[in-house]
Amino acid sequence: MTGGGPLLEAADLNVWIEGSHILQGVTFTMPERGVTSLLGRNGVGKTTTVKALLGLVPRTGRVVFDGADITAEPTHAIVTRGIGYVPEERGIFSALTVAENLRIAERRPGPHRYDLIHELFPELDRRRAQPAGTLSGGQQQMLAIGRALLNDNRLLIVDEPTKGLAPRIVREVADAVARAAEEVPVLLVEQNLSLVRRVAGDAVVLDAGRVVHTGPAPALLDDADRVRELLGVARAAPAPAADTKGRSTA
Amino acid sequence: MSTVVLLIVTGLGLGALYFLIASGLSLIFGLMDVLNFAHGAFLAIGAYGTWWAAGFLPGAGPDGPGFLLALTFGVAAGTLAATLVELCVIRPLYGRHREQILATVGLSLAVPALLQAIWGADPLTFPKPRAVRGTVDLLGAHIPKDRVLLILVAVALFTALWLFNSRTRYGLIVRAGVQDRAMVTALGIDVRRSFTLVFAIGGAAAALAGALGGLYYGVVTPTQGMSLLIFAFIVVVIGGTTSLTGCAIASVTVALVQQFANYYTVAGLGDIAVVIVLAVVLLTRQGGLAAKKSAERVA
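Order-wise, the sequence lines are chains A and B.
Using the numbering used here, the first residue of the first sequence is number 1, and each one after it goes up by one.
Using the numbering used here, the first residue of the second sequence is number 251, and each one after it goes up by one.
Chain A on its own, in the form it takes in the complex:
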């Protein structure tokens, strides 16, 4: 713990991919509680920012996590500091079973939070012997989120968890993200603004590889002109209603 300082700090991140300057000095901080949402139009560098934080792409700049400079560390060392990662493409190992997909994510020593995973996604327990490649898209997303929740992490990074999912599954995934956020800070890349409105306390908006806005998420989403200007949508989604379980829905 950093005692009130930011949990995550990105300073002047630059990424070049095949000659294109994708990130152009991305700088932001993330508090040690709640959900920080990384927003922006398609192709502005949100996923690249996440990969740069984790060292999955070559970058310059500086990344500080939990008070430690992790810039020079390899990805596996960064992650073992306490980061759970759900990539945009889910990163499920299709030839492995559901149980094996979870087991490979176990970090020593535990504890491993199978109880939480099975509470959120009981279907994963029922399908534990099934090859993950035969799961539906929604089930694969549940598995990816479950895998990130398995260890006692200090931060979850979740990249577009509701992308391409059916509305019913979006609700389940949104519930899971909200539930996870009760226990661990989340950096959420998301285009579904109703989910952002439901869970996010802070927002960082990217445009053309640069940070163009930081501030409270609700204030941003309530400002229709700023939403249109920064995100290119006519208006932010309304606040979600509560479902029958007493949780709100996306």
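Because the hints were derived from the structure by calculation, they are not lab data.
Values in this document were obtained by computation on a predicted structure and should not be read as measured data.
Take these hints with a grain of salt, some might be off.
To be verified - DEER-style ranges, computed between Cβ atoms:
no. : chain 1 : residue 1 : chain 2 : residue 2 : range
1   : A       : Ala77     : B       : Ile351    : 28 to 38 Å
2   : A       : Ala77     : B       : Val530    : 43 to 53 Å
3   : B       : Leu352    : A       : Glu89     : 31 to 41 Å
4   : A       : Glu89     : B       : Tyr420    : 24 to 34 Å
Unchecked claim - Non-contacting residues of chain B with respect to chain A, defined by C-beta distances greater than 12 Å in every case (computed):
no. : residue
5   : Ala371
6   : Asp372
7   : His392
8   : Gly518
What the hints assert, rightly or not - Here chain A is said to cover these stretches of chain B; the calculated rule only asks that three of the stretch's residues, wherever they fall, bring their Cβ under 8 Å from a Cβ of chain A:
no. : stretch
9   : 420 to 430
10  : 434 to 440
Each residue gets a CB set at the ideal place from its N, CA and C atoms; glycine is no exception.
Position chain B against the provided structure of chain A, taking the given hints into account.
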């Protein structure tokens, strides 16, 4: 009938030899994306290490427990060489495929040249323990005992690799890494350790193949590894680059085709027949025999 039985069993023996080499190649290519042309060098080191130990290592010898010690020495030498190659040559070149190929091709030429410089180019008689001399009778055919030994060792290696892949954490990492290495890293796993382990396992299997190849051919030569490696690569392509089962099936297929074609047509036509099988598989099942069984890959 006895001829067919003999051809089948000797074919299985040759297939076993191919499997010992190709299984390591397949593991290394599947997980690490490395076309390891130096694999034949590990085979040669295993063969020469066993030959040298049988003659000169205190306690070792050409027969009985002494030969087992010599074999252990040869396999250990091949394993050590593979580990050093991974750490010193391959690791700095990950993701740089052209340089990897140049480096491993260089090693595949340098090691036989070194062996030739030390022990000459002439074939060296390989020791044959009494237990594997002579033949056993099977359905009227006189089967050389060394072929039976090769088959038993290959079955044992297949079982050991299957258990490694399906029952150990490293096996789990290898199976996942074959599909998505970056994601394995993003789970907090240092995949480089698995690379070194896989390279060492591949080197050990190749060195074992070198020693058993000495029994099979009765001699060792500096270039034995290179000629066997060509067929091992064909096996990997036919079997699929990530399937142990496919690798085993392809090893047997290639060897049987070779044996039968050589016997029933013109000697030497077996190699051409193997190339025809390779072409048919590539044209009809891209990705090899195991291409459509993704859920069973490396299992």
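Cross-check of the supplied hints:
A hinted range of 28 to 38 Å for the beta carbons of Ala77/A and Ile351/B is consistent with their spacing of about 30 Å. The hint said 43 to 53 Å for the Cβ distance between Ala77/A and Val530/B, and at roughly 47 Å that hint holds. For the pair Leu352/B and Glu89/A, the supplied restraint of 31 to 41 Å holds, since their beta-carbon distance comes to about 33 Å. Remark: the range hint 24 to 34 Å for Glu89/A to Tyr420/B is upheld by a beta-carbon distance near 25 Å.
For Ala371/B, the condition that its CB be more than 12 Å from all CB atoms of chain A holds, with the nearest at approximately 45 Å. Distance to chain A confirms Asp372/B as a non-interface residue, since its nearest Cβ pair spans about 48 Å, more than 12 Å. Separation of His392/B from chain A is adequate, the least Cβ-Cβ distance of about 44 Å exceeding the 12 Å criterion. The claim that Gly518/B lies off the interface holds: its Cβ sits roughly 40 Å from the closest Cβ of chain A, which is beyond the 12 Å cut-off.
Figure legend: the stretch 420 to 430 of chain B, annotated as covered by chain A; annotation consistent (7 residues with Cβ-Cβ distances under 8 Å, at least 3 required). Closer than 8 Å: that is the beta-carbon criterion, and the stretch 434 to 440 of chain B has 7 residues meeting it against chain A, so the requirement of 3 holds.
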